[in-house]
Every structure is written in C-alpha cells, then in structure tokens.
Amino acid sequence: MTGGTVAVVAPGSGRITVQLEGSEAILSELSSSYPLKLLSPRLPPHNVAVVYTLSYGGGLVAGDRVGLAVDVQDSAALVLLTQGSTKVFKTRPGQRNARPLDEVNGFTSQRMDVTVHPGGSLFLLPDPVTCFRSACYTQLQTFRVDVSASVVLLDWINSGRKALGENWSFARYYSLNELWIGGKRVARDAMLLEESQSPLEAHQLNLPVRTVAQRLAPYSCYATVLIYGPLTTDTIQSLLASYSATTVFKHNARPPLVWSISTICEGQGCVLRVAALETEDVRCWLGANLTLLEGTVGHDIYSKAFG
Amino acid sequence: MDSDEEAYILLLLSDGNLPTGSFVASSGLESYVTHGFFTIPPNLTEKGNDKLEHIVDFIRDTMSTYARSALPFVSDAHIIVEEAMKSHGTPSSKDRTEQALRTLLALDALYESMTLNHIARRASTAQGVALLSLHSKGFSVPRIYPATQQKIPVDDKGGASKIASILADKLKLLIRREETPGHLPICWGFLTAALGLSLDRSQFLHLFLCARGALSAAVRMNICGPYAAQQLLLHAIRPIVVAEASRCAKCRTGVSYSSSDMGEVSFDEGVMTKEGPAITWPLGEILAARHDLQHSRVFNS
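One line per chain: the protein sequences are A and B, in this order. Numbering-wise, this note's numbering puts 28 at position 28 of the first sequence, and it's gapless, one number per residue. If you count the second sequence from 1, you need to add 307 to reach this note's numbering.
Heads up, some of the hints might be wrong.
What the hints assert, rightly or not - Listed next, the in silico SDA-like pairs over lysine to any residue satisfying Cα-Cα at most 25 angstroms (straight line):
1) A/Lys-250 <-> B/Val-363
2) B/Lys-358 <-> A/Phe-249
3) A/Lys-184 <-> B/Leu-412
4) A/Lys-250 <-> B/Thr-580
5) B/Lys-581 <-> A/Lys-250
6) A/Lys-184 <-> B/Gly-343
7) A/Lys-184 <-> B/Ser-505
8) B/Lys-581 <-> A/Ala-171
9) A/Lys-184 <-> B/His-425
10) B/Lys-581 <-> A/Thr-211
11) B/Lys-358 <-> A/Arg-283
12) A/Lys-87 <-> B/Gly-520
13) B/Lys-358 <-> A/Pro-255
14) A/Lys-37 <-> A/Leu-140
15) A/Lys-250 <-> B/Pro-533
16) B/Lys-358 <-> A/Arg-210
17) B/Lys-581 <-> A/Ala-69
18) A/Lys-184 <-> B/Arg-484
19) B/Lys-581 <-> A/Phe-249
20) A/Lys-250 <-> B/Gly-343
21) B/Lys-557 <-> A/Arg-210
22) B/Lys-557 <-> A/Thr-115
23) B/Lys-557 <-> A/His-203
24) B/Lys-581 <-> A/Phe-132
25) B/Lys-358 <-> A/Arg-254
26) A/Lys-184 <-> A/Glu-266
27) B/Lys-581 <-> A/Arg-172
28) A/Lys-250 <-> B/Gln-601
29) A/Lys-250 <-> B/Val-605
30) B/Lys-581 <-> A/Glu-266
31) B/Lys-557 <-> A/Ser-198
32) A/Lys-250 <-> B/Arg-527
33) A/Lys-87 <-> B/Thr-580
34) B/Lys-557 <-> A/Glu-266
35) A/Lys-250 <-> B/Ser-505
36) B/Lys-477 <-> B/Gly-520
37) A/Lys-250 <-> B/Ile-347
38) B/Lys-581 <-> A/Ala-213
No lab work stands behind these hints: they were computed from the structure.
Produce the entire structure from the sequences given, and follow the hints as far as they go.
This is the structure in structure tokens:
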C-alpha cells in the first residue's frame with residue numbers, strides 16, 4: 001500500500017463533499033469503493049443534496065470495514081439516507097475479495113467522519129441497524145460542526161430478525177457518536193450492548209444469567225437522536241414543550257413506548273432517546289415529532305426517511 | 308497505609324450517615340417503578356413476579372451501566388491524584404499539581420459530555436461537590452489538635468495531604484464559578500486517593516455504595532423491608548458488585564497521565580473506544596431522564 005504512485009482507495013471507503021452554488025446544493029465529490037456504494041437521486045428541493053449509502057448485497061458481513069468522510073461546506077445542506085436497515089451478518093454470504101485474510105473473521109465496522117462548515121446542515125436519517133445472531137458490530141461516528149451549523153443525527157438499532165426468533169441475539173454492538181461544536185466536545189454518546197457476564201462467569205460468581213434481551217425488554221428498538229443548531233430551534237422547542245407537559249402517573253404495565261429529552265449546549269441542542277415495542281412505532285413517533293424538519297428538507301425527503 | 312488504617316477509612320466512608328446527599332438519589336429506581344417496570348414484560352413470561360426479583364434486576368442493570376460508564380473516571384482521577392501526591396517534596400511538585408488539576412478538569416468535561424441525561428447530571432454534580440466539602444470539612448484535622456502538636460491519629464504524610472488540599476480548594480473554586488461541573492466519579496476518585504485508599508478498594512467501595520444507595524431507596528419507597536434489604540445486600544448484591552468491579556477494574560478513559568506534557572490534556576482514542584466508558588442500558592437512561600415527569604416523587608433522581 002505504500003510507495004506506490006497511484007492513489008489507492010481503501011476498500012469500503014467513500015467521500016462526499018457538498019457545496020452551495022447559487023441556490024443549488026452540488027455534490028462536488030462523490031466517490032466510493034466496494035463494498036460501499038453511494039447514490040444521489042435528484043429530489044426537490046434543490047438546495048438540499050441527498051445521498052443514499054448502500055452496501056452490496058444489502059448488508060455488511062464479518063470483516064467489512066466501511067469508512068465514509070463527509071464534508072458539508074458553507075451554507076450547504078445534505079441528507080444522508082439508507083435503503084432499508086443496515087444488516088450485519090455473522091458470516092459472509094458471498095466471497096468478498098480485496099481484503100487481507102486476517103480481517104475476514106474480525107468485527108464489522110462502520111466509521112464516519114463528518115465536518116459541517118458555517119451555516120451548513122446535515123441530516124443523518126438512516127434506517128436502523130439490524131444485527132443478526134452472533135454478529136459483532138462497531139460504529140464510530142464523529143461530527144465536527146461549526147457553532148452556526150445545524151445537525152440532526154439519528155442512530156438506532158433493533159433486536160434482529162424477529163421472524164427467525166432473534167431477540168437481541170447479536171454478540172456485541174458498540175456505537176459511538178461524538179459531537180464537537182466549535183472545537184468543543186459537547187456530546188460523546190457511547191453505547192455498548194453485550195452480555196456483561198458470560199454464562200460461565202455468571203455461574204462462577206453465583207449470579208443468575210441476565211441477557212441483553214432481558215435488560216432491554218419489552219422494547220425491540222432503541223433510537224438516539226442528537227440535534228443541534230439554528231435550523232432545529234423550533235423542533236427542540238416543540239419537543240421540550242410536549243415533554244414538560246407530560247405527567248406520569250403510576251403505570252400498571254410497561255408502556256409501549258418511552259422517550260426522553262435532555263438539552264445540551266445551553267439548550268441549543270438536545271439528546272432525544274426513544275424506545276418502543278416495534279421498530280415501526282419508533283419510526284412513526286419520530287416522523288410525527290420531528291415534523292418541523294419537513295420544512296427544511298422538503299416533503300419528499302422527509303417521507304423517504306420516516307414514511 | 309497499613310491494612311488496619313485502610314479498614315478504618317473504609318468504615319468511615321461506608322457509613323450510611325456520611326453527609327454526601329446520596330439519600331435523595333434513587334438512581335432512577337423511583338421512575339422505573341412508576342413506569343410500571345415492576346411487572347413481567349410480555350415477551351419474557353418465564354420470569355417470576357416477585358418484587359425482590361425486580362429490585363435485584365434493576366440493581367443489576369443499573370450497576371452494569373454505571374460501572375462501565377463511571378468507574379473509568381474514578382480510576383483515572385484516583386491515579387492522577389495519587390501521582391500528584393507522590394510528587395511532594397520534589398522540585399516538580401508544583402507543576403505536577405497543576406498538571407493534575409488540568410487533567411481532572413479534562414476528565415470532568417469528558418464525563419459531562421458522556422452523561423447525556425440531565426437528571427443523572429444533576430445528581431452526580433450534587434454528590435460530587437458534597438464529597439469535596441466532606442474532604443475539607445469532614446476529614447481535616449480537628450481544631451482540638453493545635454498545629455504545633457502533630458500527634459494526630461491518622462498519619463498525615465504532611466506534604467502529600469497539602470497537595471490534596473490545594474487540589475480540593477482549586478476544584479471547589481472552579482465548581483463554584485461554574486467552570487467545571489464537579490461530577491461524582493471524579494470527586495470520589497479524588498477523595499479516596501487523598502485519604503490514601505488503594506485504587507481497588509476505592510473502585511469496589513464506590514460500586515458497593517451505589518448498589519446500597521439504590522437498595523436504601525427501595526426501603527424508603529416501601530417496596531422492600533429493611534430485613535429483606537439486608538438479605539439482598541448480603542446474598543444477591545454482593546456477587547453483582549464483585550462482578551462489575553472485576554469487569555470494569557481495568558477500564559480507563561484513555562486520558563494521558565504524562566507529566567512531561569504540560570500542554571493540553573489528551574485522550575487516547577483507541578483506549579477510549581476499546582475499554583473506555585460507555586452506557587450499557589439505554590432503557591435506564593430514558594427512564595431516569597423522565598424522573599421529573601412523575602406526578603409525585605420522593606427522590607431527586
């Protein structure tokens with residue numbers, strides 16, 4: 001890999017650069033290499049660029065390392081979507097080449113490094129990650145955002161393929177979202193889902209086995225949304241208003257959906273968390289409660305994300 | 308510090324009457340109960356519906372997430388303060404103390420950015436500052452021992468404890484000026500290092516107190532009696548504390564301890580991601596953050 005004269009694009013890496021020309025968002029750079037694929041359909045409004053991040057075969061297999069660098073330039077707007085959930089397989093359904101052997105049996109990982117320049121905005125609205133039985137998945141996302149820029153960053157996971165009896169049956173899931181505003185780390189949301197003790201350890205310690213499924217019951221989908229910036233002020237206000245208007249009386253059973261909001265950056269941003277029995281319940285809730293964003297990204301794109 | 312002395316400090320710190328404000332915290336238990344989580348989830352019908360079992364499950368889950376997210380901060384703060392105290396009497400002592408303060412502030416800022424639930428933040432900062440006050444007000448040499456007569460019961464180690472006092476005063480000042488939040492794990496690491504408690508004792512005691520706090524809350528909420536709480540503490544909670552202490556004993560934030568680096572405090576991204584702090588129970592985050600929405604409540608968190 002070193003010493004060559006031809007720039008080698010690492011497998012699974014991609015770059016997106018968006019800039020504003022006149023009133024149009026232009027993708028001045030859009031490149032990717034196998035197994036990552038980037039597609040940009042033309043959807044109104046034209047001041048917002050849309051990119052779908054896809055992977056070949058509709059999922060990631062053990063050893064896949066995907067890395068995406070995103071640059072949203074001054075006053076430009078970008079929406080990142082996926083087409084269906086990001087599926088993480090345990091074993092490789094097909095042969096993937098161009099990868100050293102020692103990586104084949106490793107973790108599956110996705111990395112995204114994003115810079116949002118002054119006045120720019122990024123709406124990261126993917127479908128949820130679905131980890132199949134015994135899958136190991138690591139997702140590292142860093143967002144360096146100017147104080148005058150705006151971001152809405154959705155990260156969600158569900159319990160697997162219910163039809164196949166999967167209920168939080170993956171081996172390990174680690175997701176990191178780090179938000180830097182004006183050079184200051186304001187949020188580092190690190191979530192690790194794995195069994196705290198293996199059945200053997202639990203036995204040795206005289207502890208009953210406690211699975212991830214038990215810990216997260218009865219919900220099969222958890223979402224976290226980091227929100228920041230001037231374009232999101234009314235959304236945050238409306239979420240806070242409906243939150244503080246809530247009064248919880250004693251429940252007789254676990255509610256079908258629970259959500260919470262905590263502000264960051266003196267109220268210019270927030271961390272929103274939602275859990276529900278079904279993935280679609282979370283999607284509907286988000287669609288209904290982030291609806292003020294529709295004015296910014298346009299109806300078509302909004303309904304593609306939450307429809 | 309010999310083991311008798313350490314045992315004495317442990318007794319002092321594990322006293323339920325220690326003025327740390329922990330009696331107003333339920334670590335999210337109150338909200339958990341209000342939201343109907345003392346019931347069997349429909350998809351896990353094999354579980355029994357005994358209140359004691361629900362209490363143990365709650366403590367298991369809350370300890371799992373707290374240990375993984377807070378213990379790295381306890382450990383790093385402890386190590387930093389211990390190192391700074393060791394430097395007493397050396398020419399670099401002043402610089403090392405300054406560097407220790409900067410590193411503690413960096414840890415505090417990182418913990419703030421990782422505690423993304425306003426109720427937990429509130430509880431953590433209230434208890435953190437209480438521990439610093441305890442250090443200066445509760446553990447300083449009493450006035451009946453005049454400064455000239457250095458016959459105090461616990462070995463003072465002179466210069467080392469002076470360094471701890473300097474750090475405590477500076478931290479308290481910065482907290483009062485709202486320049487740093489003063490979170491519980493950092494202040495606990497500081498306090499236990501200042502008292503000369505070893506790192507593994509400090510980690511274990513912190514988790515024990517966290518579990519016992521939740522159990523005390525259960526008693527105050529009248530969901531379990533005082534005898535049942537003792538039974539749980541001895542039989543059910545002990546293995547949880549042991550397991551979590553051993554699982555997270557080696558977890559670190561990735562902060563650089565280097566005393567030669569007098570500039571910006573840096574974190575090793577590899578350590579942070581691999582063995583660093585993380586929440587492991589997102590459900591607990593949501594329910595704890597909903598604490599203030601409860602129609603009636605006894606606790607502050």
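**Prompt:** Which of the numbered hints above does this structure break?
**Reply:** 4, 5, 6, 7, 11, 12, 19, 22, 30, 34, 35, 36
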